[in-house]
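K.L.:
Letter by letter, the chains look like this.
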Amino acid sequence: MMDCSKIHELLPAYTLGSLTTSETADFNTHVEVCSPCAVKVRDAGDTLVDLARMVPQKRPSERVKDRLLARIDKVDQLVTRPSRPVMDFVGSLGRQLTFSTGTSLAVAFLIVAVVIGYWSSRSLQDLQDLRGDIEQRMESVAQQEEDVREGLEQQHKLFETIAADPDVTVKRLSANIPTVPLPGHESPSGVIVISARDSTVTIAAMHLPQLPQNWAYHVWLIKHGGQEIRTATLTVDSTGAGHAEVTIDAPLEEFRAIFVTIDPANAGPGSVGNSALRGDL
Amino acid sequence: MRGNAKDSSVSSSETEARITLEDVELLRLIANGDRSALEVLYDRYAGGIYSLAHHMLQEQGAAEEVTQDTFFKVWRRASTYNVKRGKVSGWLFSIGHHRIIDELRKRRRQKSMIYVPDVEAVHRQEDESADPNEFAEKRMQGSRLRKALESLNPELKSVVVLAYYGGLTQSEIAKKLNQPLGTVKTRTRLALKALRENLGPQARKWLDG
Ligand SMILES: [Zn+2]
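Residue numbers (this note's numbering), protein chains in the order written: chain Z, 1 to 281; chain S, 282 to 490.
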């Protein structure tokens with residue numbers, strides 16, 4: 001489901017008819033139920049009528065109108081408003097049978113006709129919805145695939161760092177006590193790879209829950225004297241894998257621990273949120 | 282047969298009575314199954330829809346079919362029209378425009394299916410007949426649209442032409458212009474803004490005068 005900000009983002013492309021079919025369907029679904037967005041769409045759309053009307057003008061042949069009216073008649077007879085021929089047919093049945101049988105037959109006929117009409121228009125709509133759904137899921141699968149590939153690359157880099165640096169130290173990063181994992185979810189954990197040669201600390205964690213928008217995982221370094229320094233943001237992908245790299249400009253011995261906290265993305269560097277992970281250095 | 286003659290005479294006087302009605306009132310009648318109201322709305326807008334379809338599809342038969350489909354949709358969907366969503370003309374042209382774009386995209390898919398064995402041929406084919414930018418350019422010689430679009434900066438103009446008259450999606454435009462998708466999105470936004478600011482009043486002046 002698109003939100004208002006997505007609608008705002010897609011509005012120009014929608015107005016020019018440049019969204020994909022499924023994007024257009026999602027866009028319409030939102031606008032049907034959201035008045036503020038509907039107003040924006042209206043204002044943008046009215047300009048475009050001028051664009052439509054500025055092409056060289058031609059008149060369609062009379063047969064187009066005739067065909068349109070014939071088509072409407074045909075559909076009306078079949079589905080929505082059974083007209084005279086249908087009623088005549090039902091009536092002739094009624095004359096042959098008893099009145100009540102004729103009436104119930106007519107009612108049954110109407111119900112069947114209406115149901116068939118409703119069903120065929122519904123099933124077309126359903127098919128379109130289904131297609132939109134599948135396209136969305138394929139997009140999210142593609143995103144996860146991308147994430148897995150990136151995650152593997154990061155692991156590779158981490159292994160290379162560990163293999164290449166004789167002074168490398170690997171520490172455990174484990175869930176902090178107040179963090180209770182959701183049922184069915186493993187509790188988060190990870191490793192800290194400290195390279196004295198490059199003065200870098202790499203954090204790789206897994207099973208991190210997705211955070212709501214505008215919330216972030218922050219990495220903190222804690223000094224022996226208790227001083228807390230916020231360093232990097234831990235990015236978490238769709239598979240729950242988190243990664244951060246911190247360069248330190250003070251000797252490693254000065255640091256006692258690493259914390260990963262959850263707080264609002266725009267929180268000042270002084271505020272410390274709930275601690276999700278900790279590791280002793 | 283007698284019934285038919287009677288019907289058509291009733292219908293033509295009904296049609297006369299509806300000629301002065303506003304679009305919104307016509308649509309309300311259409312939603313209730315009033316055929317004469319549809320005929321009046323058709324007479325008002327079929328030329329516009331047909332011209333747009335003819336301009337974009339360059340084929341009389343296809344333009345006729347799209348025009349018929351558009352008004353058939355209006356007949357079926359009249360009850361879903363919501364005044365909040367804008368003028369009837371805007372709603373109607375939007376239905377028509379989307380139907381034309383569906384047709385354009387269908388054709389493009391079919392064409393690429395035919396020419397798939399030879400990749401070069403696909404490009405040639407596109408360059409010769411399916412390049413909406415060039416193609417629209419050719420068709421616009423001396424037209425009011427050409428003048429109006431000329432007031433846009435060329436980068437914005439090509440986005441409008443490819444999107445609105447060519448029916449290309451944002452990523453197709455990016456590919457065609459060899460630009461990042463983000464750039465195309467930005468240009469689309471700027472183009473629409475420019476259209477609203479410049480083209481709208483200018484166009485109205487041309488149309489009225
Ligand atoms: Zn909204």
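Keep in mind that a hint or two might mislead.
What the hints assert, rightly or not - Computed footprint of chain Z on chain S, listed as stretches where at least three residues anywhere in the stretch have a Cβ under 8 Å from a Cβ of chain Z:
no., segment
1, 314–322
2, 339–348
3, 373–379
4, 447–457
5, 462–472
It is worth saying that the hints were derived from the structure and are not from the lab. Built from N, CA and C at the ideal position, the CB exists for glycine as well.
K.L.:
Honestly, which of those hints from before does the structure not fit?
P.N.:
none
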